[in-house]
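Participant: Protein chains in written order, with our numbering: chain A, 1 to 872; chain B, 1001 to 1668.
FYI, nobody ran anything at the bench for these hints, they're computed from the structure. No residue lacks a Cβ here, since even glycine has one placed at the ideal position from N, Cα and C. It is possible that part of the hints are untrue.
SDA-like cross-link-like pairs, simulated, lysine to any residue; straight-line CA separation at most 20 Å [said to hold, decoys possible]:
#1 K264(A) <-> N1308(B)
#2 K12(A) <-> V1004(B)
#3 K12(A) <-> S1310(B)
#4 K12(A) <-> S1039(B)
#5 K1118(B) <-> T454(A)
#6 K553(A) <-> E471(A)
#7 K1118(B) <-> H395(A)
#8 K1118(B) <-> D374(A)
#9 K621(A) <-> V1091(B)
#10 K1146(B) <-> T1362(B)
#11 K621(A) <-> R651(A)
#12 K1146(B) <-> T454(A)
#13 K621(A) <-> I1086(B)
#14 K621(A) <-> D1359(B)
#15 K621(A) <-> T1362(B)
#16 K12(A) <-> Q1461(B)
#17 K1118(B) <-> H527(A)
#18 K553(A) <-> P595(A)
#19 K621(A) <-> A1084(B)
#20 K12(A) <-> V1091(B)
#21 K1118(B) <-> P595(A)
#22 K621(A) <-> L1011(B)
#23 K621(A) <-> R1415(B)
Some but not every residue of chain B turned toward chain A, in silico, with C-beta under 10 Å [unchecked claim]:
#24 A1066
#25 A1067
#26 T1419
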Amino acid sequence: MRYSIIIPVYNKSAFTQQCLDALLPTLATAGDGEVIVVDNASSDETQAVLARYPWIRLISNEVNLGFAGANNQAAAVARGKHLILLNNDTKPLPGWLDAMLDLADSDPQIGAIGAKLLFPDDTIQHGGVVFTNALMGSYPRGPYHHNYLIPYNDPESSIRTDFQVVTGACLLTPRALYERLGGLDEVFWNGYEDVDYCLKVGEAGYRVVYEPAAMLYHFESQSGVQRFRKVYWNSRILGERWWNRPRVDSIERNLRRGYTRRMKREARGSCTWPILPAPRATILVHGGEPADRAAFEAMLRRTLVPVDAIVYLGPEWVDAANAAIEVRGNRVAVFIDARVRLTDGWLEEMISQLDAHGGCIAVTAANELPLGEDVMSFGADARCTAVRLNCLPQHERLHGASTIDASLASLLLRMQHQFYGVRGVSRRVAQTPPCNVDPAFEREHGFALRELFTTAPERVEEWLRRRPEFERGLVSIITLSWNASTYTKTALESIRKYTSDPYEVIVVDNGSNRETVDFLKSIDDPHVRVIYNSFNRGYAGGNNDGLAHARGKHVVFLNNDVIVTPGWLDTLLEPFSRIGNLGVTAPRSNRVVGPQVVVDCTYNDEAGILEYAAARAEFWKGSGYLTERAIGLCLCVDRRVLDEIGGFDERYGVGNFEDDDLCIRVRGAGYKIFVCDDAFIHHFGSQSFIANKVDYAATLEANWALFAEKWGYQGPIDHERGYNPIEASFRGFDRARHFAPIPARTDGAAAVAVAERGSLVFAVRVADEREWQEAARFLKRYLRAFSAGDPVLCSIAAMGALDAGAIGSRVAKLLERLEIADADAADVEVRDEESVEEWRASFSDQRVLDATTLEETSPSALRRLAGLGAQR
Amino acid sequence: MMRVHRRHRSLWLPHDQSRLAALVRPTNLAFARLEPVYSRRFEAVLDLVFESNGRYAVVNFAILDAAFLIDEEWGAIVWPDEIARIVDNAVLRELERLLLPWLRSRVFVRCENEEVRKWFRLDAAIARDVNEALDCGFIGATRLAKVVVDAAPFVYAQRFVARGSAAVVASSGGNGAALLAPFADAVEVDLRSRERNELFERWFSTVDGLRPFAGAGPYAVAVSDLDLDVDTPVVVRTSRAEPAVLDVTVAEPVPLGVLLSFDPEDSAAARTFSVESVAVAEPARSSLGGAAPMGGSKGKILVLARENWSRIEDVDSETIRELSRRLTAEGFEIVVFDPHAPLVPDAFDLAHAIVGSRDLETIEPAVEALAARGIPIVLSTPVDDPRGEAAWGEAILLNAFRNSNELQTLDTYLRSIETRLLEADSVPAAPRTMLNPDPRLVRLLSRCRAVITSHPRESEQLQRLYGYAGPTVSVPPFIPLREVADVTAIAGSGDFILFHGPIDPRAAILQLVMAAELERLPLVVYGPVASSELHFDLALTVGRYTRLVPYSVPTPAEVEGLYARARTYVDVSWTGRGLGRFIRAASYGASLVASANGYAADLFPEGAFRADPGSVPSIRKALREAWEAGPAVRQAQRSRAAVAGDQVAALAGAVAAYQRAAAAPAMS
């Protein structure tokens, strides 16, 4: 007899019926065979269903023997040359059996054959089993279905291939071999017995082959919850029995398709291993020119990892290397000494190690390290080290040092303070030259480069204990004002009450009405400075104006229609002390898009808000989640990040998507974003939009178009699913294309300077209409503050589109409107200037005061500045 | 607030608060042990040993959530909540600062698969003591799997020792004695070696209730390996209704979620031990009498039920069995519907549908066929969810579990459930009033000629919500009488609160378990596992006061034994069903806690307390009140149950309904 098909069943009679109905027509061309169904004590109508199929051999058990037990039981009475283990939740497709049997008969060295199993939507459920070195619990090998969920007609999945394991859902094996190997091991309960069996087949010297011509639908794991009852037990047995003997083959197979399966930290501590685009490599060669450059490059390129560039570093290696790693994203930088000798699969092995361990920024193949699964190094030099660039924050670069080895070693040590470790390769993929000696490095760190390769964890512990403490500095809170002054007033009041020093508040008024401007002028708070724009510069422009004047170590962009709560700022700053590479924090709120929203807000008034926030702060202390995107309602940003990536992109105008854009740049530049569960601010919600009648939907659509074009997204905005920000951040932040300039303070619209020259001179620059509005705003206060005879001068420098004549006539009109006679007015001069530099140079012999100090200064304060008494 | 957990509380050491707080100081930290464990997350168990003047405090079963060592979204160390309550949070934070660089260097950097030991103080005397503690298998120095297997008989014995004394005379009984301590008045200990006893006293110096073995007795529990071979299992001697010897298997500890299991299905057997019992307790007697046969009836009745009524035991199953038994005794011929067999409507004189609202569709074709042939149909009410919250509660609870891995997160969800603030994809958002009557039920009612309800308010619901205008008969629930078995092995020897029913999110068991744990009231949850997902998570939630007893096939006498022993019976399910079970419990004198969604509490004005199924505080309050009311209302409960559960009236009511159906025209 040619074959025996064994189908264990336990309930789910509808699936059994479907399987048997589909099976019968496929048997016609397969020759002599039998179908044995083992009913594992089903309690549903399975027996009645099976009674309708007289052509099966039925074994009825009184107890559930499990998958292995049932198959072994049937194998003992089977008569076929080949056994085919088949799940009852499959639906065979025509030709499946012929394909498997023909292959089995073609080569006696084949010990197991698996089929291509499909989900009902025609994606692949099983296309062979691959092993990763992602830890399966605490075991070093994890089996996964290959080509999982890709379309069934994918070309690579249609190639007959040898694997280490195929699934037992449909598995052909010679009966003689099955008996010789003792069948499926019944110590497993409905899981991993097939993996164990195939590994035994391989160990016995037989091939395990995936046959894509044999296709079946598989309605996976329909046998009920019992299927997973012993999942831990099964994996433990598998792990302990096979440990690291299965070969890691997922990296190679996935790389052929341009993907890797990598450990990905999801929010709140969970880890997944999704299939993601493979990282691209830039190889940095140093230590001289290889004797045979072509052969050397060929050696480097003998890898499945896409190599973007091979860069030879000369004497100016610092700049060249930094330029090569400037764009982070989904890339690795591989530092290679020109004397290194590599073996095939060298880079695959390194990528494999990096992908398996989210806590590692680099993997090194230094000869000094032992080999093994868990070899961690104190550090690494540049002889043969791959660095994952999306873990490297943009402000971290190679510093000038005597050698590139020392420079990279220092960089990786700094990164260890951000909790990223260095791993050694598990197998020898490179012969590296001896470790260099670098006295400068030794002097700086107190140990030699070769000591980087100690695997003693005590060394790492000691280094981690040297991590610098986080120190809070000045925080600049930037908030925009655009009419709706009641909200601004409420927000400022709550900031004043609930914010701990040191901080400054920069209010940027985006061309509000008179009422709002009057309110802003009336603010008497030393923390607050106001910048007036004559028209609405939008969310991005306004915040950038504020940013230009911000002096803080951290900058908080805060909506003006909020109420902050006690401790809010400290809570937003706290994560910077404990999360490596953190760029942005954000609070939770009652009204905000996405997961930042809190749904159970039960307060009715401000007292309730405070009580609620205090309870949250206590309950969620220290909790939060990492995310790809935080909402611009309130963002606390490390100033270094803004210096690297720029401010908001002003092309987004009035609002929408500029915060998304910023977050993508933050992530693309290697920084993290964290939402603090314990920080809560109340948000009234889009009050500026409401107060100013902005068409929110139209703004959204228009800005999506801009955003999509910038970051490479296709199609219209998807209001339900949104977009996947990882796609963009994987491309990395490219300063040349993505940097959003922050307006320089001296060139800004409100370019007002103060100089002392016996008397006080206020120097104002006007280059365009907008700057004239700013200047006029100041001039009004100046003319109200001072009168003729006061020892002051307002010197207006005309440049650009407006000349001195034009400005002079506007000044005259202004005096007229203010009803101040020329004779009574304080001195004003208008002069043409060629450039800012020349104009400022004219004050070079005087002490130039901080220009921004005037922008929000009231007339009485101006008089005080001039050393004069009360206002006239 | 520190991160805290309540996992496997039966393995926590019971510390004296002041002694522990005095010893647990960063400067006293002497030794730490980190052991990776198999878990759904990447986790490890962390034991800390503190020393001062030769006395030790062992803080065991802290959990390291290793992912947070890299990105510290929250504290990486999750403390047992009792430790967080006893030890000042500032001290714990200081300890975390001390531990984190070490943990980072060992776990996230090195990906250890093995136990890691760390000396924080290099002191020869401490090193000697720790190593000796390891030889003794003491918690804090010993690997978790060994601790669990060694301590299993003692954890098993925890249920028997309530308010009595215990004796432990066993060389490896140190941990077990300490783990028994919180359940007993005192535990007398002899580890069969002077040196061991001395170290035991110093090692567990913060544990309360331990005394040297005096042999005075009597002991509620005695665990001994005296007179036994080394390889022979420990024997637990305890009290039961009848003398017996029971061999208990301890499964090899596998994942952190299960860890200690006495179910050999979970993994290979790690060991066995024997439980010997003595003494007899008189079981309670139900006040429900057996129904006297009325006799002389005729007719062939088809009972329409959900497909799996005989496999998943619930109130319908009980009703079907008891009704069938009693009708058969009266001379009726009863056939329970088989959806896979051909239905011949004309073969029956009448059909009686007994189904819950989730299963209406399964009987629909049969109902249509019977109605088409003019066969009278009687329906036992499926109006089992008067507030329309059951589906919502079920979906929300499972979602809450899926999204919670911290007590705090779960607590937030529970508070939101209490105020009905949450939504789930699969169910409508609050408010969930039944504005739109279930069309399946409307259809079914239109085919019925009479409806049997278990409470007059159900009849009103049918009229108000479904516009049903046909005859209704309010009939007491059918309650089978069974033998009463001893249930000490299941429920221990003390009083307890019983929940009996499917382990199903609709039963609000999570809230119930949390309420009982917070009130420190002994709860026995006994029922088939209808949701294995919930069961798995419940297994992580239950603590010292709850016994989760899932069964696949109930033993009727065992079920009855539990009712007979229960001081309080509770069922706060979202559906508010199961009136018969309340009556049965009351017939033994139990006080009751019932869902505010149902009618059970109406029947027992003195001894029944209502609780909101979504509110842990509400359930806590009701449990406490019912527990305290228990003895006082016992007699009144029995009397009321005898009336409410009159089985003669039940049978007469059912037959009356049949008569009215036979006489009534079809509704449409």
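Participant: Each of the hints needs a verdict: does it hold here or not?
Facilitator: Tested hints:
1. K264(A) <-> N1308(B): Violated, at roughly 42 Å.
2. K12(A) <-> V1004(B): Violated. K12(A) to V1004(B) sits at ~42 Å, over the 20 Å cutoff.
3. K12(A) <-> S1310(B): holds, 17 Å
4. K12(A) <-> S1039(B): violated, 30 Å
5. K1118(B) <-> T454(A): holds, 19 Å
6. K553(A) <-> E471(A): holds, 10 Å
7. K1118(B) <-> H395(A): At roughly 36 Å apart (the allowed maximum being 20 Å), H395(A) and K1118(B) break the hint.
8. K1118(B) <-> D374(A): holds, 19 Å
9. K621(A) <-> V1091(B): holds, 16 Å
10. K1146(B) <-> T1362(B): Not satisfied, since the Cα-Cα distance of roughly 50 Å exceeds 20 Å.
11. K621(A) <-> R651(A): violated, 38 Å
12. K1146(B) <-> T454(A): With a Cα-Cα distance of about 33 Å, the restraint between K1146(B) and T454(A) is violated, given a limit of 20 Å.
13. K621(A) <-> I1086(B): holds, 19 Å
14. K621(A) <-> D1359(B): violated, 46 Å
15. K621(A) <-> T1362(B): violated, 50 Å
16. K12(A) <-> Q1461(B): The given pair, whose Cα atoms are some 37 Å apart, is violated under the 20 Å limit.
17. K1118(B) <-> H527(A): Not satisfied, since the Cα-Cα distance of roughly 50 Å exceeds 20 Å.
18. K553(A) <-> P595(A): With a Cα-Cα distance of about 28 Å, the restraint between K553(A) and P595(A) is violated, given a limit of 20 Å.
19. K621(A) <-> A1084(B): holds, 14 Å
20. K12(A) <-> V1091(B): violated, 56 Å
21. K1118(B) <-> P595(A): Violated: K1118(B) and P595(A) sit about 40 Å apart, past 20 Å.
22. K621(A) <-> L1011(B): Judged against 20 Å, a Cα distance of about 27 Å means the pair is violated.
23. K621(A) <-> R1415(B): Given pair K621(A), R1415(B) holds - Cα atoms ~18 Å apart, limit 20 Å.
24. A1066: holds, 8 Å
25. A1067: holds, 4 Å
26. T1419: holds, 7 Å
Hints 1, 2, 4, 7, 10, 11, 12, 14, 15, 16, 17, 18, 20, 21, 22 from the list above are not met by this structure, while the remaining hints are.
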